[in-house]
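Go ahead and model the full structure; you've got the sequences and the hints to work with.
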Amino acid sequence: MAGKTLFDKIWDTHVVEEIKEGPSVLYIDKHLVHEVTSPQAFAGIDSRGIRVFRPKNTVATPDHNVPTIDQHLPIKDELSRFQVNKLTENCEKHGITLYGLNHPFQGIVHVIGPELGITQPGMTMVCGDSHTSTHGAFGSVAFGIGTSEVEMVLATQCVLQPKPRRMRITVDGELSEGVTAKDLILYIIAKISTSGGTGYFIEYAGSAIRSLSMEGRMTVCNMSIESGARGGLIAPDECTFEYLKGREFAPAGEDFNKAVEKWKDLHSDEDAVFDKELFYDAADIEPMITYGTNPGMGAKIKGNIPKLDEIDQSARESYQKSLSYMGFEAGSAIEGTPIDYVFVGSCTNGRIEDLREVANFVKGKKKADGVTAWIVPGSRQVENQAIEEGITQTLEAAGFKLRQPGCSACLAMNDDKIPEGKLAVATSNRNFEGRQGPGSRTMLASPIAAAAAAVTGVVTDPRSLL
Amino acid sequence: MSIDKFQTITSTAVPLPIENVDTDQIIPARFLKATTREGFGENLFRDWRFDKSNNIKPDFVLNKDSYSGSILVAGKNFGSGSSREHAAWAIHDYGFKVVVSSFFADIFKGNALNNGLLPVQVSEGFLASLLAAIEADHSTGITVDLESQVITLSSTGASESFDINPYKKECLLNGYDDIDFLLSLKGKIAQFESART
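Residue numbers (numbering that gives the first Met the number 0), protein chains in the order written: chain A, 0 to 465; chain B, 0 to 196.
Derived by calculation from the structure, the hints in this document are not laboratory data. No residue lacks a Cβ here, since even glycine has one placed at the ideal position from N, Cα and C. Take the hints with a grain of salt, since some may be wrong.
Stated by the list, open to error - Label-pair ranges, simulated between beta-carbon atoms: (1) V457/A <-> D179/B: 54 to 60 Å; (2) T35/B <-> D274/A: 37 to 43 Å; (3) K320/A <-> G156/B: 32 to 38 Å; (4) T35/B <-> H102/A: 25 to 31 Å; (5) Y175/B <-> P103/A: 43 to 49 Å; (6) S128/B <-> A282/A: 42 to 48 Å; (7) T9/B <-> N303/A: 44 to 50 Å; (8) D280/A <-> F59/B: 39 to 45 Å; (9) S153/B <-> K320/A: 25 to 31 Å.
In structure tokens:
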């Protein structure tokens with residue numbers, strides 16, 4: 000019998016029941032909850048007259064809808080305030096731990112899970128948010144769900160889920176200087192498109208993946224969903240264990256050592272069979288940026304926007320619609336495009352390492368006139384750490400505006416919107432039409448590429464400023 | 000609790016021949032602040048239907064009076080991006096019962112099925128023929144028969160079968176509720192928990 004993949008090992012040990020010709024009843028170890036996709040689910044269980052089944056396996060925080068200035072004041076927007084208050088009410092009613100605004104643990108749900116040690120290898124995790132795939136960086140099976148499924152998990156700690164197929168993406172070799180985890184994942188998505196991963200759960204492997212920090216691994220797994228994959232995961236190793244050691248909710252003392260012994264078994268067997276395998280060479284990857292209106296429309300910063308005849312006939316209408324929205328010409332060079340905004344933040348690149356990289360990059364430099372540069376830390380802990388390390392000062396001296404933690408301009412549910420027609424280089428995960436505010440235009444890139452654009456005022460290969 | 004039973008549908012259709020329609024287009028994030036499931040249809044495809052001053056954009060298909068019906072026929076990779084179930088609610092609330100495409104994003108597909116909105120995946124060739132037929136004659140009817148898993152173009156009789164998970168099919172046809180089913184397993188779930196520790 001062939002060996003098992005890591006994904007199968009975790010999934011199979013969490014199946015409570017298989018439905019014949021149907022989905023699995025999958026047990027969920029950790030359920031993360033935020034204010035936007037949960038109120039209807041709580042209302043559902045209330046109308047059934049039932050309680051949350053396992054409140055202790057559930058953690059909540061408001062992130063999508065929160066302002067990123069004056070968080071100590073009541074939220075001005077009435078609907079946002081109502082939604083955030085609803086989360087508080089629901090958590091109180093059902094005995095769920097909530098890290099509300101101004102709590103030292105508050106932040107983007109996918110940033111706080113790992114930094115608090117809530118996320119651990121071998122777990123199943125869900126959240127009503129597609130970027131739940133982030134947690135796969137620790138060797139967990141983590142995926143986003145809809146609100147009806149949030150209700151399932153609140154009610155029974157289980158979700159009905161068809162089992163995805165398995166894909167392995169191996170990236171061997173070394174990333175060269177100035178090339179980051181973000182470039183690696185934008186490169187993969189540009190290769191396989193926004194639907195290339197649909198139906199699959201991806202395991203990332205290879206020496207280039209192994210050499211990434213935990214933050215880098217989180218960036219890669221985070222964007223799995225942008226290829227259509229339900230999630231991505233990376234087998235845990237010393238880097239994972241080292242990261243988790245001493246974290247608030249990670250096992251401590253002898254329990255930690257015991258846990259590590261168990262976690263060491265979490266890897267795909269050598270003879271495991273994947274439904275699909277892809278291989279890339281890290282040496283081929285250069286700093287990337289997107290030029291269109293989905294994350295698969297990415298290219299080297301030094302490259303050109305593809306010409307029309309390089310696009311499949313059937314996809315040309317959508318391609319032209321996309322470029323026309325962006326105001327770009329097929330075939331033109333990408334570097335040198337003037338930009339208006341820079342946004343550093345989100346569950347993709349709003350962690351302390353990202354802020355450090357940006358600070359190192361802009362130290363002694365100034366942002367270009369006419370560029371608005373926002374830095375939004377992923378969590379209160381990231382914010383405090385940035386202050387302690389002097390990162391905040393460096394960034395402010397360079398002309399960046401520091402805001403308070405939240406999802407912010409990644410999806411512009413709050414007031415952090417890129418104005419109509421303006422072009423932003425963003426470290427977030429989606430460049431859809433109007434994603435950062437109605438009429439906004441977004442180019443996705445790494446934190447240092449965003450920093451480079453902020454400094455020069457145009458799209459710039461960060462290697463030229465290193 | 001039960002949901003509406005899914006009946007065979009014959010209807011005219013609305014064509015949306017755009018690829019990679021993401022859930023941010025279906026329902027932009029700024030409309031996700033509601034705490035109930037109702038009313039999202041009003042903002043379906045908001046920024047394609049209306050300009051920034053809330054004027055109707057006459058060229059967008061939902062604003063063309065000549066197109067109507069409870070079947071939306073869309074380009075490849077429909078529903079990608081955010082997991083927001085509000086996208087399925089918005090489409091359903093607007094009055095659609097079926098979305099036809101040659102490829103669906105996973106989370107959207109699951110959300111649709113959980114809300115009585117049937118995603119029908121057809122071949123690219125069949126999708127192209129549906130779109131061509133609807134655009135040539137806006138009164139063209141399409142029949143979606145879930146029981147036999149067949150979609151038929153009324154004018155020519157051309158048809159194609161489609162896949163659906165048998166469990167989900169049973170749920171839709173009978174109006175079964177997933178959570179009732181899961182709740183019936185609570186004893187088993189508790190057993191599973193104690194066996195692990």
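Evaluation of the provided hints:
At roughly 58 Å, the beta-carbon separation of V457/A and D179/B lies within the given 54 to 60 Å, and the hint holds. Checked against the given bound of 37 to 43 Å, the beta carbons of T35/B and D274/A, roughly 40 Å apart, stay inside it. The beta-carbon spacing between K320/A and G156/B, approximately 33 Å, falls within the hinted interval of 32 to 38 Å. At about 27 Å, the beta-carbon gap between T35/B and H102/A stays in the expected band of 25 to 31 Å.
The hint said 43 to 49 Å for the Cβ distance between Y175/B and P103/A, and at roughly 45 Å that hint holds. The hint said 42 to 48 Å for the Cβ distance between S128/B and A282/A, and at roughly 45 Å that hint holds. Restraint check, T9/B to N303/A: a C-beta distance of roughly 49 Å satisfies the suggested window 44 to 50 Å. Separated by about 44 Å at the C-beta atoms, D280/A and F59/B satisfy the suggested range of 39 to 45 Å.
The given range of 25 to 31 Å is respected by S153/B and K320/A, whose C-beta atoms sit roughly 30 Å from each other.
Consistency with the previously given hints is maintained throughout, with no hint failing.
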